[in-house]
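Since chain H is already given, all that's left is putting chain R on it; use the hints.
From first to last, the protein sequence lines are chains H and R.
Take the first sequence: its letters are residues 1 to 440, numbered as in my numbering.
Take the second sequence: its letters are residues 1 to 440, numbered as in my numbering.
None of these hints come from the bench; they were simulated from the model.
Take these hints with a grain of salt, some might be off.
Note that the list lumps identical chains together, so a pair holds whenever it fits in one copy or between two copies.
Claimed, not checked - Only pairs whose alpha carbons sit at most 27 Å apart, straight line, appear in this in silico DSS-like list of lysine-lysine:
1. Lys-23 - Lys-52
2. Lys-404 - Lys-261
3. Lys-404 - Lys-94
4. Lys-261 - Lys-52
5. Lys-404 - Lys-434
2 protein chains.
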Amino acid sequence: MPSIPTVHFGLAGLGNVGMGVYKNLLRNGDLVASRSGVRLDVRKIAIRNRDKHVAAGVPAALLTTDWRDLVNDPDISVIVELIGGTTDAYDLVKSAILARKAVVTGNKALLAERGIELVALAERENVPLYFEAAVAGGIPIIKAVREALIGNNIEAIYGIINGTTNFILTRMSDDGLSYDDALAEAQQLGFAEADPYLDVSGWDAGHKAIILAWLSYGQWVSPDQVHVEGISHLTRSDLAFARSMGYAVKLLAVVRLDASKNIEVRVQPSLVPRSSILASINGVMNAVAVYGDIVGETLFYGSGAGQDATSSSVISDLVDAADNLINEAGTNNGFVPHGQYGASLPVADTISSYYLRLHVDDRPGVIAAIASLLADHSIGILSMNQPEVDASANGADLMLMLHKASYGSMLAARNAIAALDCVRQPPVLLRVEKFPARHA
Amino acid sequence: MPSIPTVHFGLAGLGNVGMGVYKNLLRNGDLVASRSGVRLDVRKIAIRNRDKHVAAGVPAALLTTDWRDLVNDPDISVIVELIGGTTDAYDLVKSAILARKAVVTGNKALLAERGIELVALAERENVPLYFEAAVAGGIPIIKAVREALIGNNIEAIYGIINGTTNFILTRMSDDGLSYDDALAEAQQLGFAEADPYLDVSGWDAGHKAIILAWLSYGQWVSPDQVHVEGISHLTRSDLAFARSMGYAVKLLAVVRLDASKNIEVRVQPSLVPRSSILASINGVMNAVAVYGDIVGETLFYGSGAGQDATSSSVISDLVDAADNLINEAGTNNGFVPHGQYGASLPVADTISSYYLRLHVDDRPGVIAAIASLLADHSIGILSMNQPEVDASANGADLMLMLHKASYGSMLAARNAIAALDCVRQPPVLLRVEKFPARHA
Numbered sequence: 001m002p003s004i005p006t007v008h009f010g011l012a013g014l015g016n017v018g019m020g021v022y023k024n025l026l027r028n029g030d031l032v033a034s035r036s037g038v039r040l041d042v043r044k045i046a047i048r049n050r051d052k053h054v055a056a057g058v059p060a061a062l063l064t065t066d067w068r069d070l071v072n073d074p075d076i077s078v079i080v081e082l083i084g085g086t087t088d089a090y091d092l093v094k095s096a097i098l099a100r101k102a103v104v105t106g107n108k109a110l111l112a113e114r115g116i117e118l119v120a121l122a123e124r125e126n127v128p129l130y131f132e133a134a135v136a137g138g139i140p141i142i143k144a145v146r147e148a149l150i151g152n153n154i155e156a157i158y159g160i161i162n163g164t165t166n167f168i169l170t171r172m173s174d175d176g177l178s179y180d181d182a183l184a185e186a187q188q189l190g191f192a193e194a195d196p197y198l199d200v201s202g203w204d205a206g207h208k209a210i211i212l213a214w215l216s217y218g219q220w221v222s223p224d225q226v227h228v229e230g231i232s233h234l235t236r237s238d239l240a241f242a243r244s245m246g247y248a249v250k251l252l253a254v255v256r257l258d259a260s261k262n263i264e265v266r267v268q269p270s271l272v273p274r275s276s277i278l279a280s281i282n283g284v285m286n287a288v289a290v291y292g293d294i295v296g297e298t299l300f301y302g303s304g305a306g307q308d309a310t311s312s313s314v315i316s317d318l319v320d321a322a323d324n325l326i327n328e329a330g331t332n333n334g335f336v337p338h339g340q341y342g343a344s345l346p347v348a349d350t351i352s353s354y355y356l357r358l359h360v361d362d363r364p365g366v367i368a369a370i371a372s373l374l375a376d377h378s379i380g381i382l383s384m385n386q387p388e389v390d391a392s393a394n395g396a397d398l399m400l401m402l403h404k405a406s407y408g409s410m411l412a413a414r415n416a417i418a419a420l421d422c423v424r425q426p427p428v429l430l431r432v433e434k435f436p437a438r439h440a
Numbered sequence: 001m002p003s004i005p006t007v008h009f010g011l012a013g014l015g016n017v018g019m020g021v022y023k024n025l026l027r028n029g030d031l032v033a034s035r036s037g038v039r040l041d042v043r044k045i046a047i048r049n050r051d052k053h054v055a056a057g058v059p060a061a062l063l064t065t066d067w068r069d070l071v072n073d074p075d076i077s078v079i080v081e082l083i084g085g086t087t088d089a090y091d092l093v094k095s096a097i098l099a100r101k102a103v104v105t106g107n108k109a110l111l112a113e114r115g116i117e118l119v120a121l122a123e124r125e126n127v128p129l130y131f132e133a134a135v136a137g138g139i140p141i142i143k144a145v146r147e148a149l150i151g152n153n154i155e156a157i158y159g160i161i162n163g164t165t166n167f168i169l170t171r172m173s174d175d176g177l178s179y180d181d182a183l184a185e186a187q188q189l190g191f192a193e194a195d196p197y198l199d200v201s202g203w204d205a206g207h208k209a210i211i212l213a214w215l216s217y218g219q220w221v222s223p224d225q226v227h228v229e230g231i232s233h234l235t236r237s238d239l240a241f242a243r244s245m246g247y248a249v250k251l252l253a254v255v256r257l258d259a260s261k262n263i264e265v266r267v268q269p270s271l272v273p274r275s276s277i278l279a280s281i282n283g284v285m286n287a288v289a290v291y292g293d294i295v296g297e298t299l300f301y302g303s304g305a306g307q308d309a310t311s312s313s314v315i316s317d318l319v320d321a322a323d324n325l326i327n328e329a330g331t332n333n334g335f336v337p338h339g340q341y342g343a344s345l346p347v348a349d350t351i352s353s354y355y356l357r358l359h360v361d362d363r364p365g366v367i368a369a370i371a372s373l374l375a376d377h378s379i380g381i382l383s384m385n386q387p388e389v390d391a392s393a394n395g396a397d398l399m400l401m402l403h404k405a406s407y408g409s410m411l412a413a414r415n416a417i418a419a420l421d422c423v424r425q426p427p428v429l430l431r432v433e434k435f436p437a438r439h440a
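Only chain H is shown next, with the shape it has when bound in the complex (with noise of 0.2 Å):
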């Protein structure tokens, strides 16, 4: 790779989200570094305990129990605030904007509450802000809104975006636990904290929404202005009649003008449309549909916590604040891939599962003579059904099943099939494709 620029920054925090984007830019770091032009180099890291994360095998010579080395450091140029709170975090943020460091956070909180300062500050100082992390976890809804929707009015923002309480909910509605046992199987977990309460209250959905209002309409809406309820009144009963009326029961945030334009910000347990998307969001994934002039209904999905999800937000964040040190020195335009012709997998050797429909005579030894061919190829077969066999009818269908097998044997169990005399049209042949597991 030729030289390329390093960007250092200070990390504060190494909690669940600190320690995630510690852990993969060690691992991804160079898969960062090929695509953005730039390298991101952690050169101080401030924590409480030394002594805890020495043993967990971080180079003691990047901690300190002090943020404000970080903050003091010449050559750090970014600051990546993961400690949380109002407090420390505050003082923190406000120190990096005073000494000209770009700053990115996870601090829903932070900015939900002193936001309206913060962002003044920053652009008084000309100071760039990143806070991809503080909504939705992995999901880019901040870039989303902030700069894909940029041609459009926001006409209205429905968003899942508190994983706990949709573990619970989901629990209860899918499953039928009560409100008191999901929450603790939320705990056991991990999904739910030992105090529950910024969860189940909606408040950590309510300055996610927040923040989403700023983005959305240029203003802040302060908490006390903000309706928030939380699910912990809601009985399996509730979730189960619900269901037989056509909903499901979501913990939904709401952002959007009324026809006043006044900023309607909510956080209430509703019913939604079970054909809604939202509705088919389960467990502690995140969904926020945005509905735009322009580009109309839109809607962006993913885990919504976690502490590799939420990091790959925060890194997405450094690479923008680098980019953006970078370019004002007018080097870099951003991530594009080199342009060679790749290895490309041939599609013969692709795997999957696969349907495959034939219309063959109807008559005794068809079936086994397909069966056959089928294991000539080593495909299994799954399940075999003749969905409408007509006695008028000139032949009958066949729709097979097939466990996994190599395109290339497929086609040519296919043709081999085709080629039988009692196979009176071309098969048609389609793939199943299974998706990686869906998170909880």
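Chain R only, in chain H's frame:
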């Protein structure tokens, strides 16, 4: 508004998408300027038929029939290529790059067939190239893969990225139309062209898949290495049988790496589990599921075609191009909305339908009392149910679905109902949210 810089661009092509860009920048240009800090000004428009566009109200002074006038205009710093095809469009993009003008294009065929050469040229000349509109219309999938997921190894992409074929398959599956009838309807509605080859053959999706593979793996896969199949051989019975087995049939673009790091790029009609979000993407809508090694599963949904949706992506690219130009002069850090506290709609004035659960005495007169209180507050009853009447229970649950009303009226009614002697527990009130109608 304070004085902000203006970036002049040349627009080549005033067909469906080109007209969308022109029209929507007239409409939302001030919004874009206030968000981005830069004004986008269309300086010249290259078209074929001057009279047609003058008649349609486009100022004659903007029009030229020679795209070279755009490239040769020293005031124009960005060229938007929306003329389509791979001949004139190729000459135009190449000339623009050589003239050191940023390029925005929506031309998937051009990139898939000649991207390897044009991107190399753009790198050599240090000219940025933007192409959000080339894949999935209004869905910001390019920005998502290129920027938001930059820290991720892309494990796989599964996309429904052709609206025409998805409309046809939806009508065949949901409404039992034949392929020919569904295609004819798509043509009538303007979702398919008179010659539908590029869509129904799968090649439109194939071109987009090549671009996604390049973004994901940094390598161009030659079109002759991409396996593409269309949908014209599918019958209603294929779709009905798939449904009975728990699947939907979608024209699926697949981009992924196999275990040996070979790139798999293919477009084939495929069965996808009905429990997956992709199975629920209907009509002309598009969706792209992206799996990253850090972020896990993500999905991006929206209008995959159409004048307005696609122009939303072109405008986003134009802002990025303009920001990049301005940034080199060091005066702008991107969209940061203004930070003042805004007018917030009181939650009492927000409107929706409602679900109300009461625990009441199981005796005559109770329902009449409740219905009367609701009527006093002008709240209509949609349905009323007692799902689980247990003779041994102390009272009965009563579930009501209620018509639209302000939250204030609803709370007043709820409180009046709660005060009734026959109501034994605090009522549970939930909102019912209906979303804007989904595009056909």
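Hint check:
{"no.": "1", "hint": "Lys-23 - Lys-52", "result": "within (16 Å within a copy, 59 Å between copies)"}
{"no.": "2", "hint": "Lys-404 - Lys-261", "result": "between (55 Å within a copy, 20 Å between copies)"}
{"no.": "3", "hint": "Lys-404 - Lys-94", "result": "neither (57 Å within a copy, 45 Å between copies)"}
{"no.": "4", "hint": "Lys-261 - Lys-52", "result": "neither (52 Å within a copy, 38 Å between copies)"}
{"no.": "5", "hint": "Lys-404 - Lys-434", "result": "within (11 Å within a copy, 41 Å between copies)"}
Checked against the numbered hints above, the structure violates hints 3, 4; every other hint is satisfied.
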